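Protein chains: 2
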Amino acid sequence: MQQDLDQFSVTEAVLEQMSKTPDARLKQIMESLVKHAHAFARDVDLKPEEWLAGIAFLTEVGKTCTPSRQETILLSDTLGFSALVNILAANRQQAKSTDPSLLGPFYRAAAPLKQLGETIATKIDAPEIQFYGQVVDADGKGVPHAEITVWQTDAHGYYDMQIHGEDEMDHRAKFITDENGRYHFRSVRPLGYYIPMDGPVGRMINAQLRHGCRPAHTHFLIGAEGYEELVTSLYFGYDQYIGTDTVFGVSKSLIIMPEMDANAPIPGMEAVRYDFTIAPARAGGSGRVGADPSQLVKA
Amino acid sequence: MQQDLDQFSVTEAVLEQMSKTPDARLKQIMESLVKHAHAFARDVDLKPEEWLAGIAFLTEVGKTCTPSRQETILLSDTLGFSALVNILAANRQQAKSTDPSLLGPFYRAAAPLKQLGETIATKIDAPEIQFYGQVVDADGKGVPHAEITVWQTDAHGYYDMQIHGEDEMDHRAKFITDENGRYHFRSVRPLGYYIPMDGPVGRMINAQLRHGCRPAHTHFLIGAEGYEELVTSLYFGYDQYIGTDTVFGVSKSLIIMPEMDANAPIPGMEAVRYDFTIAPARAGGSGRVGADPSQLVKA
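Those protein sequence lines, which keep their order, are chains U and W.
Position one of the first sequence corresponds to residue 5 (the numbering used here), numbered consecutively onward.
Position one of the second sequence corresponds to residue 5 (the numbering used here), numbered consecutively onward.
For the record, the hints were derived by calculation from the structure and aren't laboratory data.
Treat the hints with caution; some may be incorrect.
Calculated pairs, SDA-like style, for lysine to any residue (alpha carbon to alpha carbon, straight line, at most 25 Å) [claimed, not checked]:
1) W:K178 - U:E53
2) W:K24 - U:P148
3) W:K51 - U:N95
4) U:K51 - W:D103
5) W:K39 - U:R207
6) U:K31 - W:M201
7) U:K118 - U:R186
8) W:K118 - W:E132
9) U:K100 - W:E54
10) U:K31 - W:D103
11) W:K39 - U:G216
12) U:K39 - W:R46
13) W:K178 - W:M273
14) W:K178 - W:D103
15) W:K51 - U:Q98
16) U:K24 - U:S13
17) W:K31 - U:S36
18) U:K100 - U:G144
19) U:K39 - U:E16
Using C-beta positions, here's what the derived DEER-type ranges look like [to be verified]:
20) W:Q119 - U:G169: 54 to 62 Å
21) U:A28 - W:Q119: 51 to 59 Å
22) W:N95 - U:H168: 36 to 44 Å
23) U:Y198 - W:L19: 55 to 63 Å
24) W:S13 - U:A211: 19 to 27 Å
25) U:D182 - W:R29: 52 to 60 Å
Just so it is clear, the structure is predicted and the values come from calculations on it, not from any experiment.
We put the CB at the ideal spot given by N, CA and C, even for glycine.
Work out the full structure: start from the sequences and follow the hints.
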């Protein structure tokens with residue numbers, strides 16, 4: 005017979021029911037989740053009407069997701085949870101590598117392949133800048149034929165899918181590094197932007213009097229045979245929100261500043277030089293982290 | 005300038021961004037939530053692909069909700085979180101009262117009002133049982149004109165909305181206690197049932213090798229002017245799952261057994277006698293806990 009449960013023994017009862025979980029890692033994760041979730045409720049002495057508000061909020065977060073909007077990731081991002089997962093992943097890497105940053109909800113696996121030196125913009129309506137550098141291993145040796153996926157806002161602060169929906173790609177591309185691991189492409193200065201503020205996460209941000217802005221940045225996902233996938237971003241140092249990113253994605257090492265550079269491939273065009281260091285793949289490594297958020301929603 | 009964040013300082017950075025939240029209770033809840041969520045990720049060293057699986061799971065939970073199905077509540081229930089919230093609410097009550105149990109996803113505020121002695125079934129296709137007793141205050145004094153909302157499965161184990169959708173109500177009703185707080189109505193033996201197993205929560209239950217069953221029960225929501233609302237259920241002691249309810253709702257004090265009873269209003273019909281004790285309302289009390297789950301989903 006089930007004993008009467010109090011606020012501590014109910015936690016034990018849940019762990020007992022989950023104790024036969026055959027997948028050891030799932031068991032470990034769910035046990036920790038239950039312990040922390042219950043400790044949270046006890047700590048704040050959560051009231052039924054507050055619980056119900058939380059249920060309604062989480063339900064709305066899921067309902068708000070579409071193939072072009074991932075509100076659940078946005079919630080994770082604005083609670084610093086995504087940044088923490090990135091930090092933990094970086095800590096597990098023994099080899100030196102570039103600091104990671106958030107994947108965010110705007111990555112698309114099917115970005116068009118372009119030639120080195122091409123622009124990621126389909127129409128050039130703002131002053132161009134260029135990115136160049138090298139993808140190197142922990143010893144500084146160039147990684148040939150690495151795949152670099154790049155995506156950012158246009159010069160007005162919008163991702164393609166915020167303007168065109170799913171149908172049209174812009175300001176995103178894939179490049180393959182040359183024999184020496186070098187890359188080079190053209191773009192425009194991205195703009196910082198508000199996260200989507202018209203959903204439940206936006207209401208949370210407003211209720212916390214947060215500005216809800218991300219500083220301007222360009223996303224990079226870099227992969228090569230035999231290496232861990234690197235998900236990162238470069239942040240434009242002149243942005244007013246560089247120190248208060250609402251999703252906690254900025255590291256000092258990722259802050260750049262476009263400037264005239266005599267060594268850049270195209271003379272007379274502002275340039276960002278950045279070398280990315282990627283770590284060798286480990287046995288049972290972290291797997292593909294660049295899963296396409298649009299694939300998470302079937303509805 | 006933002007400092008580079010490590011797995012501990014990222015938590016501080018989130019708390020700092022939330023520190024201006026004007027609503028003190030929201031601030032307290034969100035601070036605790038962030039601390040526990042981050043501690044969970046650190047404890048299990050959560051990997052990016054596991055995080056992504058969690059994002060996909062939570063998104064699907066929200067997407068699965070409809071006006072007649074509340075998967076987010078089901079998740080909370082199966083993690084013992086709803087039971088814990090109920091226990092915390094009961095602990096805050098100073099006056100003696102009947103143990104609470106889960107509201108569950110099948111409550112409807114608009115249940116039809118019936119006269120004492122009527123049946124809650126629209127069609128009688130199984131042996132009838134009767135419920136009777138008294139709603140009393142902490143001193144054992146009857147509470148006149150208390151409103152009792154009752155709902156349960158039919159004799160085949162289904163709630164009305166699982167068969168008829170939103171359009172038709174069955175096996176649910178409201179009754180008003182008499183001058184002495186007494187109530188009496190007819191019903192059938194409800195059946196235990198599987199929680200909905202065809203969604204993400206069902207997959208979790210299967211992955212944990214849990215049976216996913218609730219023992220047979222009849223829900224009660226009892227309210228009266230000047231009293232705290234009581235949400236509880238009576239559980240049928242003969243059910244094989246009485247000791248392992250998959251949503252942790254059973255208390256010993258709520259276990260009943262229908263039997264022949266010479267004192268029951270209708271002779272020759274199995275009866276359940278149960279007296280409910282309700283607590284006086286407190287200033288700034290818990291509010292209405294019986295919010296209609298169907299109202300949580302606008303989509």
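Between K31 (chain U) and D103 (chain W), does the CA-CA distance stay at or below 25 Å?
Roughly 31 Å separates the two Cα atoms, so the pair is violated.
Please check whether Y198 (chain U) and L19 (chain W) have a Cβ separation lying inside 55 to 63 Å.
violated (22 Å)
Take the C-alpha atoms of K24 (chain U) and S13 (chain U), compute the straight-line distance between them, and say whether it is at most 25 Å.
Holds, at roughly 18 Å.
Please check whether D182 (chain U) and R29 (chain W) have a Cβ separation lying inside 52 to 60 Å.
holds (58 Å)
Starting from K118 (chain W), check that the Cα of E132 (chain W) is at most 25 Å away, please.
The hint holds at about 17 Å.
Within a Cα-Cα threshold of 25 Å, do K100 (chain U) and E54 (chain W) meet the stated pairing?
This hinted pair holds, its Cα atoms lying about 23 Å apart.
Can you let me know if the beta-carbon spacing of A28 (chain U) and Q119 (chain W) is within 51 to 59 Å?
holds (57 Å)
Between K31 (chain U) and M201 (chain W), is the straight-line Cα distance small enough, at 25 Å or below?
It holds: about 19 Å lies between the C-alpha atoms, which stays within 25 Å.
Taken at face value, is the distance from the CA of R207 (chain U) to the CA of K39 (chain W) at most 25 Å?
holds (21 Å)
Against the 25 Å threshold, does the CA-CA distance of K178 (chain W) and M273 (chain W) hold or violate the hint?
Holds, because 22 Å separates the two Cα atoms, which is no more than 25 Å.
Given pair status - P148 (chain U), K24 (chain W), alpha carbons within 25 Å
violated (49 Å)
Pair hint K51 (chain W) and N95 (chain U), alpha-carbon separation not exceeding 25 Å:
holds (11 Å)
Of the numbered hints given earlier, the model fails hints 2, 10, 22 and 23; all others are met.
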